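Colleague: Here is how the chains run, residue by residue.
Number of protein chains: 2
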Amino acid sequence: MGHRLPRDERISTHCGLVARSFGTEGIILSGEKDQGLLDSIKRITNKWGGPFEVKYEKNWKKVIKEFKSKGYYIILLTMYGINLPNIIDKIRKKTNLLVIIGSEKIPGEVYDLCDAQIAVGNQPHSEIAALSIFLDWYQEGRELKKDFCGKIKVIPQEKGKKTEEN
Amino acid sequence: MGHRLPRDERISTHCGLVARSFGTEGIILSGEKDQGLLDSIKRITNKWGGPFEVKYEKNWKKVIKEFKSKGYYIILLTMYGINLPNIIDKIRKKTNLLVIIGSEKIPGEVYDLCDAQIAVGNQPHSEIAALSIFLDWYQEGRELKKDFCGKIKVIPQEKGKKTEEN
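Taken in order, these protein sequences are the chains called Z and W.
Residues in the first sequence are numbered consecutively from 1, following the numbering used here.
Residues in the second sequence are numbered consecutively from 1, following the numbering used here.
Only chain Z is shown next, with the shape it has when bound in the complex (with noise of 0.2 Å):
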């Protein structure tokens, strides 16, 4: 939620990518619209593998509406939350779950709207440690073993880099 021009670009782009690496089905982007962004993202599933989905809503509001509607849990991550080790056991019940992060500023009404808000530590960081964190033990580490079956893949190395592509 937010996404500013140029101050964001970077920021939601990890954002983006923490996303689909942690086994997220989508992403979808709020704020001033940045196709490059979108364009960014997409590439890199191309080439990774997906599948995950990137789009574009002016109207936050709608979209959580919609997810509520269809019967997702939403959480706002926030640093103001109830801290992740003292609420996880409950979430991992819920099987569909919209996720939101914003920068500082989001609006009060998001607060109203989503069914849990979720801190990862109570301290200010990073909304990509936060996603990245819920993500991981939301699914308990399977994430990390995850295969993307994408046109490239890495073969891990204990010294320099390998890609296999397919």
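Under the rule of at most 25 Å between Cα atoms (straight-line distance), these lysine-lysine pairs were calculated in the BS3-like manner:
(1) Z:K61 <-> W:K162
(2) Z:K93 <-> W:K145
(3) W:K47 <-> W:K159
Simulated from the structure, these hints should not be mistaken for lab results.
Please read all numbers here as calculations on a predicted model, not as lab measurements.
Assemble the complex: chain Z is given as a structure, and chain W must be docked to it using the hints.
Modeller: Just chain W, lined up with the frame of chain Z:
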């Protein structure tokens, strides 16, 4: 490593804040000198609690060699390394770590100097995510319960924001 102005300002700030809030002792920034970045991380440490050391060192090779000679175990986080779940047990036995992160352009020499190169999932995403997940796995989540005794702290809420000043 390899901080570039203005491109990396926010990314490197997030890296510093993650290092602090995930329980490390400090961060050493290398690349282009950026006093504003150092000051901004120090300001947050001053307000939210420490101790957390922030400094700049142009000569990254000197830093690595210094820590190596003090017996630190040197880790490079890179998507090309051994996937975290396959190496974490070995790493948890090491007490003092120097963790290196940077953008795509890590010089080849770093690959030679490090003791282990570790990937968080072997997919392209974010050095911020990689650092946070690595620190979380290494500490088995204990870092999220750390008390920082800062001038300000969050009182976790189910809805809305609450902080307390000491």
